[in-house]
Amino acid sequence: MADKELFDDPASDQGAVAARLAAEALIIDVDGFEGPLDLLLTLSRTQKVDLRRISILQLAEQYLAFVEQAKTLRIELAADYLVMAAWLAFLKSRLLLPPDPAEEGPSGEDLAAHLAFQLERLQAMRDAAAKLMARDQLGRDFFARGIPERVERVRKVEYTATVLDLMQAYARLKTRDDFRPFVLDRESVFTMEQALERMRGLIGFAGTWTDISSYLPEAFSVDPKKRRSATAATFAASLELAKEGKVEIRQGATFAPIELRRREPRDG
Amino acid sequence: MDDPQQIAAPEPGEDSLFDAPPMAEQERMVEALLFASAAPLSLRDLAGRLPHGCEPKEALVHLQKRYEGRGVRLVKVGDAWAMRTAADLSYLMQKETVETRKLSRAAIETLAIIAYHQPVTRAEIEEIRGVSVSRGTVDQLIEMEWVRFGRRRMTPGRPVTFVVTQEFLDHFGLESARDLPGVKELRAAGLLDNRPPPGSVPGPGEAEDDAEDDEPQSEMFDE
Amino acid sequence: MDDPQQIAAPEPGEDSLFDAPPMAEQERMVEALLFASAAPLSLRDLAGRLPHGCEPKEALVHLQKRYEGRGVRLVKVGDAWAMRTAADLSYLMQKETVETRKLSRAAIETLAIIAYHQPVTRAEIEEIRGVSVSRGTVDQLIEMEWVRFGRRRMTPGRPVTFVVTQEFLDHFGLESARDLPGVKELRAAGLLDNRPPPGSVPGPGEAEDDAEDDEPQSEMFDE
Numbered sequence: 001m002a003d004k005e006l007f008d009d010p011a012s013d014q015g016a017v018a019a020r021l022a023a024e025a026l027i028i029d030v031d032g033f034e035g036p037l038d039l040l041l042t043l044s045r046t047q048k049v050d051l052r053r054i055s056i057l058q059l060a061e062q063y064l065a066f067v068e069q070a071k072t073l074r075i076e077l078a079a080d081y082l083v084m085a086a087w088l089a090f091l092k093s094r095l096l097l098p099p100d101p102a103e104e105g106p107s108g109e110d111l112a113a114h115l116a117f118q119l120e121r122l123q124a125m126r127d128a129a130a131k132l133m134a135r136d137q138l139g140r141d142f143f144a145r146g147i148p149e150r151v152e153r154v155r156k157v158e159y160t161a162t163v164l165d166l167m168q169a170y171a172r173l174k175t176r177d178d179f180r181p182f183v184l185d186r187e188s189v190f191t192m193e194q195a196l197e198r199m200r201g202l203i204g205f206a207g208t209w210t211d212i213s214s215y216l217p218e219a220f221s222v223d224p225k226k227r228r229s230a231t232a233a234t235f236a237a238s239l240e241l242a243k244e245g246k247v248e249i250r251q252g253a254t255f256a257p258i259e260l261r262r263r264e265p266r267d268g
Numbered sequence: 269m270d271d272p273q274q275i276a277a278p279e280p281g282e283d284s285l286f287d288a289p290p291m292a293e294q295e296r297m298v299e300a301l302l303f304a305s306a307a308p309l310s311l312r313d314l315a316g317r318l319p320h321g322c323e324p325k326e327a328l329v330h331l332q333k334r335y336e337g338r339g340v341r342l343v344k345v346g347d348a349w350a351m352r353t354a355a356d357l358s359y360l361m362q363k364e365t366v367e368t369r370k371l372s373r374a375a376i377e378t379l380a381i382i383a384y385h386q387p388v389t390r391a392e393i394e395e396i397r398g399v400s401v402s403r404g405t406v407d408q409l410i411e412m413e414w415v416r417f418g419r420r421r422m423t424p425g426r427p428v429t430f431v432v433t434q435e436f437l438d439h440f441g442l443e444s445a446r447d448l449p450g451v452k453e454l455r456a457a458g459l460l461d462n463r464p465p466p467g468s469v470p471g472p473g474e475a476e477d478d479a480e481d482d483e484p485q486s487e488m489f490d491e
Numbered sequence: 492m493d494d495p496q497q498i499a500a501p502e503p504g505e506d507s508l509f510d511a512p513p514m515a516e517q518e519r520m521v522e523a524l525l526f527a528s529a530a531p532l533s534l535r536d537l538a539g540r541l542p543h544g545c546e547p548k549e550a551l552v553h554l555q556k557r558y559e560g561r562g563v564r565l566v567k568v569g570d571a572w573a574m575r576t577a578a579d580l581s582y583l584m585q586k587e588t589v590e591t592r593k594l595s596r597a598a599i600e601t602l603a604i605i606a607y608h609q610p611v612t613r614a615e616i617e618e619i620r621g622v623s624v625s626r627g628t629v630d631q632l633i634e635m636e637w638v639r640f641g642r643r644r645m646t647p648g649r650p651v652t653f654v655v656t657q658e659f660l661d662h663f664g665l666e667s668a669r670d671l672p673g674v675k676e677l678r679a680a681g682l683l684d685n686r687p688p689p690g691s692v693p694g695p696g697e698a699e700d701d702a703e704d705d706e707p708q709s710e711m712f713d714e
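Residue numbers (the numbering used here), protein chains in the order written: chain Z, 1 to 268; chain X, 269 to 491; chain S, 492 to 714.
Careful, some of the hints might be misleading.
Derived coverage of chain Z by chain S (criterion: at least 3 residues anywhere in the stretch with Cβ under 8 Å from a Cβ of chain S; other residues may be distant) [unchecked claim]:
1) 32-39
2) 127-137
3) 163-175
Just so you know, the hints here were simulated from the structure itself, not pulled from any lab data. Being a predicted model, the structure only gives us computed values, none of them experimental. Note that the Cβ used here is the ideal one computed from N, Cα and C, for glycine as well.
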């Protein structure tokens, strides 16, 4: 994008004077600039050419003149203006000196072209912003409905039940007496621990075969429910004692009474 | 008046120097004003906002005709005019969310008792359920239109009775409440759930029962 | 379909049992919905509010034709639709005009850069403007709901990007970001390219971001 004008003689005297005058006018308003790029863009306008044909070299001169002017007027420039000045001074030297083939990095021409691109792009965005703001705008040029109607949110709860639900509910009510809620009724339960404890106390006397039903506690031998629980617990306790080697168990035939007796210590 | 050049809106400020815009244009203007205005506009409001010489009254007549049968209408509100959604489309302005919920155990039991024993008094329902029936439960069933009041019982205190409705029968697909199978038939059909109800049987007067028992119920009826 | 009985809107809730209403009726419904809403409604919004089986897209075509040249217009905003007064009547609307907050030059430029370069990172905005973007500037645009966060850029640091919103399009009467004034020319001139600076450029305009593997403007321009 860099064209030959970049390498034109920096400025005619006239151009330099104009630049200085412009710089003096601008310097008063240094706070009005949105950074060095904005200042460069403003300075570039004094060249009165298309941004694509702008002389970056001339622009660098203008900028440096601006910074000089600011110094003489003892205006403190923000750091980024000074950084830009240093960079432009560097760019200027690159543009003026013949390129050194040994040197690394982008050429002065590339750098100048990019700066020109940046300026053109910034200008383009400014123009676009202006066009955008000039468009018809909602609430200024065209309007939305003045009385929007609100959408009501209606939450509707629908209850459902099936005929089966209904019948089962009724059946449950009518047959409630058939059921007992399942609660562990401790009163009619004789635990194995209880049976074990009871039998440990009794087996000392069981020298002969005895029906285990005789070990049932009296309170549990009448009520069939309690009797069932006590029988189961006593049987389990008997097995436990047999395992411990304390008793022997026998049963004469299937469904015959289960008997046990104390196991004598075998000492030969 | 039919010159298309004239359809263009006159420049603001210039209007008094020229004739009033054509009626078609006035109609557009009134349309835009009514659309954008935050409040209904009276004839005087309209006349004050339109270019000089306009006839808002006539424009309104045209506009009203134009919106006849449309989704929005031009309506008169007091002595002012506004655009409004056509009444038959007002349901579009509601976003209905339907939530389906299982009826609570208290409600389904109460409903079952009413269905099987109708006409039945509140005292009888309570006797069968073994708990007091909260007002909310019966109210809910009445609101759902599954239960209504029957005749008063000719006993001391003349208590009201409850019966099930035609809606109830429709919902449950029954010809009449008499078609509901009895307990014996339910058992024979294997429809009796032999699992005992959860929790202990509460004594009468424990009204919280009505509110609390929902969760175990759903577990029971899950297919 | 010409049976007048059929013109009646179906009851809500029953709609799935019936055919979609005739197109003329659908057009009325879409008209009512768009009139009622100040914000644009997307096709999905419309479909969600219309009875089952409706074709809002087709209804919108009819409706747009109907409002051609009227005082109010049917306009497309991104992928949504809205009724708006015709811009040529703005001079009648002084009373409706809402004072928008004056935007600073920095905010306007930042907005334009986001609109034309979206999705764009803060570093890219700074590179274009040549100054650091103060937090307040972007915050203000976000608060006005003209700008929102886009997808993170898949470059080191995964910087956030900014894009313009539907409210932005609505405010400036744009159908899409493709319709931004001069966007084609700018693109043709290469001024919307992300051109990394050769070597290093001083100042805050430094853009570490290399956006090459990310298709720029994918968010808005390809919709």
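Hint by hint, here is what the structure shows:
Under the rule that three or more residues need a Cβ within less than 8 Å of chain S, the assignment of the region 32-39 of chain Z holds, with 5 such residues. Look at the region 127-137 of chain Z against chain S: 9 of its residues bring a Cβ nearer than 8 Å to a Cβ of that chain, three or more, so the hint holds. Evaluation of the coverage hint for the region 163-175 of chain Z: breached, as 0 residues show C-beta separations to chain S shorter than 8 Å, against a requirement of three.
In summary, the structure is inconsistent with hint 3 from the numbered list given earlier, while agreeing with all the others.
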